[in-house]
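A.B. asks: Protein chains in written order, with the working numbering: chain A, 1 to 465; chain B, 1 to 190.
None of these hints come from the bench; they were simulated from the model. Among the clues, some could well be false.
To be verified - Calculated from the model, a selection of chain B residues having no Cβ within reach of chain A, i.e. all distances over 12 Å:
| no. | residue |
| --- | --- |
| 1 | Asp17 |
| 2 | Gln23 |
| 3 | Pro26 |
| 4 | Phe29 |
| 5 | Asp45 |
| 6 | Pro50 |
| 7 | Leu54 |
| 8 | Gln90 |
| 9 | Trp132 |
| 10 | Ser145 |
| 11 | Ala148 |
| 12 | Arg160 |
As the list claims (entries may be wrong) - Quick look at which bits of chain B chain A covers, simulated, 3 or more residues with Cβ under 8 Å:
| no. | segment |
| --- | --- |
| 13 | 3 to 14 |
| 14 | 67 to 78 |
| 15 | 135 to 142 |
C-beta atoms are modelled at their ideal positions from N, C-alpha and C, and glycine is treated no differently.
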Amino acid sequence: MGRTLAEKIWSNHVVRPLDDGADLLYVDLHVLHEVNTPRAFDDLRASGRTVRRPDRTLAVEDHNTPTRDGALEDLAGRRQRELIRANCAEFDIQLHRLGDADQGIVHVIVPELGLARPGMTIVCCDSHTSTLGALGVLAFGIGTGQVEHVLATQTLPVHRPKDLAVEVSGVLPDGATAKDLALALIAQIGTGGGQGSVIEYRGEAIRRLSMEGRMTLCNMSIEAGSRAGLVAADDVTIDYLRSRVTALGGDEDFSATEARWREMRSDDDARFDDVVHIDAAHVGPRVSWGTNPAQNLLIDGRVPTRADFAAGEDWASAERSMDYMGLRPGQAVRDLEVSTVFLGSCTNGRIEDLREAASVLEGRRVAEGVRMLIVPGSAAVRRQAVSEGLDKVFDTAGADFRAGAGCSMCCALNEDRLAPGERAASTSNRNFEGRQGKQSRTHLVSPRVAAATAVSGRFTTPEDL
Amino acid sequence: MSEPVIRTGTAVPLRRDDVDTDQLAPARFVPYYRPDGFTNILLADWRSDPAFVLNQPQYQGATVLVAGRDFGTGSSRESAVWALQSAGFQVVVAHRFGDIFRGNATTRGLWTAEVDHDVIERLWAEIEADPWQAVTVDLATLQLSCGAVTSPFRIDEPLRRRLLEPGDRIAETLAHLPEIEEYEAKTRAL
C-alpha cells in the first residue's frame with residue numbers, strides 16, 4: 001500500500017508513539033518571531049529549562065517592524081523586539097533583526113535562505129507556516145505553549161492529521177494566479193473544509209506553478225482550515241533550491257540529496273482520506289466581499305443576495321458580513337471604490353508578486369485619492385526589486401514602496417493601518433473584521449488585481465486597463 | 001490534586017459564526033498583552049457597542065460561551081485563549097473550532113465542546129429565555145445540559161485526556177530524552 005507525502009515525512013520524524021495516540025514528532029527547524037514568543041521564554045525560564053537545540057532554532061523580527069523610512073516606532077512593538085533580542089542573546093539563538101540583510105517575514109526568508117528542504121518538518125508560532133509546504137516540507141503553525149515545548153525538547157506531541165488531496169486539473173488561464181486558485185478553493189470547501197487535514201496540492205496546474213506561486217497557495221491552506229499545505233518535490237523544487245544556494249554564494253553539492261528529495265511525493269497508489277477536484281480552466285481573478293476568506297467571488301460577480309443561500313443561518317452570517325463591509329446585496333464588485341491598496345505579506349510579498357505589480361503599473365499612475373503601499377516581504381526582495389528597477393516603476397506610478405520589510409498592513413501590528421471604515425484591496429490573507437485596523441474593510445485580491453485596482457480606483461483587472 | 005470532570009456556570013449566547021482569533025484578541029492589543037495583566041481585550045471591537053451581548057448585565061459572571069460555527073479560526077495567537085480566560089470563561093461551546101486554537105485552549109485548560117448547530121440554536125434560545133440557568137459540561141460522560149437541552153458533545157479523546165490529566169507535558173517529553181538523542185544520532189548518519 002502506497003503512502004502519501006505527508007505520511008512519509010511524518011513517519012520519518014516520529015521519535016516514538018505516545019500512549020494517548022499522538023506521536024512525538026521531531027522538529028528539524030523551529031522558527032520564532034517577536035510577537036508570540038515572550039511568554040514561551042518566560043515559562044521556559046520559570047521552569048528552569050533551556051533551549052535544547054539553538055542550532056535548529058531561528059528567530060526574526062517581522063510582525064511589528066516599522067517599514068517606512070524614519071517611521072516613529074511603536075513603543076509596544078519596540079518592547080517586543082527588545083524582548084526577542086534579549087531572549088535570543090540569552091539562549092544563543094540566531095536572530096535576523098530589523099535592519100539586517102536577511103531580515104524579513106519569517107515565511108519569506110526561510111525559503112529564501114535555502115533552509116526549507118523537501119522532507120523536513122518546520123514549525124513556527126504563526127499559522128501561515130504552511131507556506132513552506134510548497135517545498136515538500138511538513139510545516140505548520142503552533143501556539144505559544146507549543147513554542148515552549150519545542151524550545152525545551154526539539155519535539156512536539158502531535159496527532160497525525162488526515163490527508164486531503166486537492167486535485168487541480170488543466171491549466172490556469174492567462175490572468176489567473178495562484179492567489180485566485182487559493183481563493184477559489186476556499187470558496188468551494190469553506191473556511192472549515194480542511195479542518196484536521198494536511199492538503200496536498202496535485203495535478204497539472206500545480207506542477208506548472210512557479211515555486212513562489214506554490215508558496216502563495218500553500219500559505220492560504222490555513223484559511224481553508226487545514227494545518228498545512230504540501231506540494232511534492234519536482235524539478236521546480238530542485239531548481240529553486242539550487243538557485244537559492246547559488247544566490248547565497250554557496251557551492252553545495254546536491255547529488256547525494258537530490259534523489260532523496262525527489263522521493264518526497266505521494267506514491268501512485270497512496271490513499272487520501274478525501275479528495276477535492278478543481279478545474280483550473282474555471283479559475284479567474286477573484287475578490288473577497290465578506291469578512292472571512294471563503295466569502296469571495298469572481299471579479300465579474302455581484303455581492304450575494306438572499307436567493308444565493310439555501311439556509312437561513314448562512315444568509316444571516318452573510319448579511320452581517322455585508323453590513324460590516326458596507327455592501328448591498330447584488331452590488332457589482334467592479335463598482336466598489338477603494339482608497340488603499342496593500343501589496344505585501346507572506347502571501348504575496350515576494351519578488352514575483354512585485355514584478356507582476358510593476359508590469360501593470362509601468363507607464364501608468366495610481367489613481368488620484370488612492371494610496372498604494374508596496375511592502376517587500378524581505379530585505380532581499382527589496383534589494384532584488386531595486387536591482388531590477390522596479391522601485392523606479394513604483395515611484396513613477398506614485399506608489400509608496402517601503403524602505404523596510406515586514407508584515408506591515410497585513411496584520412496591522414506596526415504603524416500601517418486602515419482607518420475605520422476604509423476600504424482596501426489587499427494581497428494579504430485575511431479579511432477578518434478589524435484585521436487591518438479597527439473597522440477596516442479588506443478585500444483580498446491577487447497582486448495583478450491589486451495593481452490594476454490602484455490604477456483605476458475600483459476593482460479592475462490589468463486586461464481592463 | 002485531581003482535575004474537575006464537570007464544569008458548570010451561566011452562559012453567554014454569542015450568536016456569531018467565524019469568531020476568529022483577530023476578534024478574540026485584536027492585533028493592536030497583542031503586543032501589550034500579558035495573560036495575567038491586561039484583561040479587557042476579549043472581543044474588544046464588538047464590546048465597544050453597549051448593546052453587544054457580553055455587555056448585557058444578565059450575562060455578567062458567565063463562565064460558558066456558546067458560539068456558532070468555526071470558532072477560533074485564524075492566527076496562532078494564544079492570546080485569544082488568554083483573553084477568554086481573563087474574561088472568566090472556562091468553557092466554549094461551538095459547532096466547530098479552529099485547529100490551532102483548540103490545541104492552544106487545551107494547553108491552557110480551556111474546555112472546547114463541539115456540538116451540532118441545532119443544539120447551539122436550542123442552547124441560545126434556552127439561555128436567552130433564562131440567563132440565570134447554568135450550562136453543565138461533563139467531560140466524563142461527554143454530555144452537556146442546560147434547562148431542557150441535553151446533548152452529547154465532541155472533543156478528541158487525547159484533548160479530553162489532556163484536560164483531565166494536565167501534568168507537565170514538557171517533563172513527560174524530556175523523560176524520552178534518550179530516544180530523542182537516539183533519533184538525532186540516527187538521522188545525522190543519513
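A.B. asks: Each hint needs a verdict: does it hold in this structure or not?
C.D. replies: Structure-based check of each hint:
1. Not every Cβ of chain A is farther than 12 Å from the Cβ of Asp17(B); the closest lies at roughly 5 Å, contradicting the non-interface assignment.
2. The non-interface label for Gln23(B) is inconsistent with chain A: the shortest C-beta to C-beta separation is roughly 6 Å, within 12 Å.
3. At the 12 Å boundary, the C-beta of Pro26(B) falls inside the reach of chain A, the nearest C-beta of that chain being 6 Å off.
4. With a closest Cβ-Cβ approach of about 9 Å to chain A, Phe29(B) is found to fall inside the 12 Å limit, against its non-interface label.
5. Interface exclusion of Asp45(B) from chain A breaks down, the closest Cβ pair being 5 Å apart, not more than 12 Å.
6. Residue placement check: Pro50(B) keeps its beta carbon more than 12 Å from all beta carbons of chain A (closest about 16 Å).
7. With a least beta-carbon separation of about 15 Å from chain A, Leu54(B) lies farther than 12 Å from that chain, consistent with its non-interface assignment.
8. At the 12 Å boundary, the C-beta of Gln90(B) stays outside the reach of chain A, the nearest C-beta of that chain being 17 Å off.
9. Even its closest Cβ contact with chain A, about 26 Å, leaves Trp132(B) beyond 12 Å, as expected for a residue assigned away from the interface.
10. Under the 12 Å C-beta cut-off, the non-interface status given to Ser145(B) relative to chain A holds; the minimum distance is some 23 Å.
11. At the 12 Å boundary, the C-beta of Ala148(B) stays outside the reach of chain A, the nearest C-beta of that chain being 21 Å off.
12. Interface exclusion of Arg160(B) from chain A breaks down, the closest Cβ pair being 10 Å apart, not more than 12 Å.
13. Requiring three or more residues with a Cβ within less than 8 Å of a Cβ of chain A, the coverage given for the segment 3 to 14 of chain B is violated, as only 0 such residues are present.
14. Under the rule that three or more residues need a Cβ within less than 8 Å of chain A, the assignment of the segment 67 to 78 of chain B holds, with 9 such residues.
15. A count of 0 residues in the segment 135 to 142 of chain B with a Cβ less than 8 Å from any Cβ of chain A is obtained; the coverage claim is therefore unmet, three being the minimum.
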